[in-house]
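Novice: The lines below spell out each chain.
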Amino acid sequence: MENKPSVWTSNRFWRRSATWVTGVSAVLLILLTVDSMSQMQMGTAKDIQNKVDKRIPSPLVINYKIDYQLSPKRGHEVPIIGGMDANGKSKYEEKEKFFGRDDYTEEEARALIHKGKLTIQAKNCMDCHTLLGNGAYYAPDLTKAWLDPAWNVIGQGYGGKEYAMAAFLQNPPAMAMHERKMPNLGITKDEAKAVVAYLKFMSAIDTNGFPRNFGKIKGAVNARK
Amino acid sequence: MIEPCTDVVCSFWSILNQGPMTLTITLHTLIILPMIWIYFDEKRKMEQGDIPNE
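Read top to bottom, the protein sequences are chains A and B.
Heads up, the first sequence is in my numbering, so the first residue is 1 and it goes up one at a time.
Heads up, the second sequence is in my numbering, so the first residue is 1001 and it goes up one at a time.
Here chain B stands alone, though its shape is the one from the complex:
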């Protein structure tokens, strides 16, 4: 998935952007995974009655 950098000035971002999907998957991981974690965390708290139902 990660291909060798072919950019003029190589950086973390250019490596990430080389292979198809790499940047997309990384960014989704950074945003979707925390959201899943927040979802279950909030659900647990609600079921425990820690959060009043708005």
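Just chain A, with the same shape it has in the complex:
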């Protein structure tokens, strides 16, 4: 019987297979990157006018009331901006005063959120906190911190939760709420306002239900009784 060469031991076969796998994977990665890029783009004022939900909304959401509701269709909680219509979608109607205003222009809102982001980076909040999945779990996850109902209660004594959050940021030890006390990081009044704006904006980002079980934490939005 003739000793036929096996294709499995052929260099040419493996070379061709490797070229194919690498080529197809590269094309797929490029397509997925293009697809992700379009979804990661920040929404615009026009989206809010047209009531179009974007994964990352326009900075103008700081003018609106933000809620976090279970979407039965998607199986997790989603941000609801400006109230909910009959279909459980954002209505972009219900405004909410943020430091006494609900008429921030897109430029103003963007500048405020940007300053907040820079402050969070400068103070290295991720050393203890988690933001959108990045950071430590020593201190509470800040991704939906704005929606934490504890602030509604504390905020009553400050004339609004944004004031309470800003006051806390400027001198955390004075308003300690947990065993693990946040240190005083020397955050100024302007910086505190910007950080709160950033946290409010971030709570409006659709994170596919991250952080998990946020709604089930005792005292949280839609907490299980």
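Everything labelled a hint here was simulated from the structure, so no lab data went into it.
Treat the hints with caution; some may be incorrect.
DEER-style ranges, computed between Cβ atoms [as the list claims (entries may be wrong)]:
| # | chain 1 | residue 1 | chain 2 | residue 2 | range |
| --- | --- | --- | --- | --- | --- |
| 1 | A | Glu94 | B | Thr1029 | 15 to 23 angstroms |
| 2 | A | Lys123 | B | Thr1026 | 40 to 48 angstroms |
| 3 | A | Tyr158 | B | Cys1005 | 36 to 44 angstroms |
| 4 | A | Thr22 | B | Leu1023 | 15 to 23 angstroms |
| 5 | A | Asp35 | B | His1028 | 44 to 52 angstroms |
| 6 | B | Val1009 | A | Lys181 | 38 to 46 angstroms |
| 7 | A | Val52 | B | Thr1029 | 31 to 39 angstroms |
| 8 | B | Gln1048 | A | Trp14 | 38 to 46 angstroms |
| 9 | A | Met40 | B | Thr1022 | 16 to 24 angstroms |
| 10 | A | Pro72 | B | Thr1022 | 35 to 43 angstroms |
| 11 | A | Pro183 | B | His1028 | 50 to 58 angstroms |
| 12 | A | Thr188 | B | Val1009 | 33 to 41 angstroms |
The structure presented is a predicted model; accordingly, all values stated were derived computationally and were not measured.
Every residue, glycine too, gets a C-beta built ideally from N, C-alpha and C.
Dock chain B against chain A, hints included.
Specialist: For chain B alone, coordinates are given in the frame of chain A:
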């Protein structure tokens, strides 16, 4: 297998990723089927003596 898109911004990829296994099966089809085709193609060529045995 393909379920309605529930993503915020629907795309081909989000539809593909909705049902369990859809993305996996698609990607395997894209990679495994060509490999099977390459295998038999190379085997045929070797048996015909088109490729010198390395």
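Novice: Give a verdict on every hint.
Specialist: Against the structure, the hints come out as follows:
| no. | hint | in the structure |
| --- | --- | --- |
| 1 | A/Glu94 x B/Thr1029: 15 to 23 angstroms | violated, 47 angstroms |
| 2 | A/Lys123 x B/Thr1026: 40 to 48 angstroms | holds, 44 angstroms |
| 3 | A/Tyr158 x B/Cys1005: 36 to 44 angstroms | holds, 42 angstroms |
| 4 | A/Thr22 x B/Leu1023: 15 to 23 angstroms | holds, 19 angstroms |
| 5 | A/Asp35 x B/His1028: 44 to 52 angstroms | violated, 20 angstroms |
| 6 | B/Val1009 x A/Lys181: 38 to 46 angstroms | holds, 41 angstroms |
| 7 | A/Val52 x B/Thr1029: 31 to 39 angstroms | holds, 34 angstroms |
| 8 | B/Gln1048 x A/Trp14: 38 to 46 angstroms | violated, 20 angstroms |
| 9 | A/Met40 x B/Thr1022: 16 to 24 angstroms | holds, 23 angstroms |
| 10 | A/Pro72 x B/Thr1022: 35 to 43 angstroms | violated, 22 angstroms |
| 11 | A/Pro183 x B/His1028: 50 to 58 angstroms | holds, 51 angstroms |
| 12 | A/Thr188 x B/Val1009: 33 to 41 angstroms | holds, 37 angstroms |
Hint check: violations occur at hints 1, 5, 8, 10; the rest are consistent with the structure.
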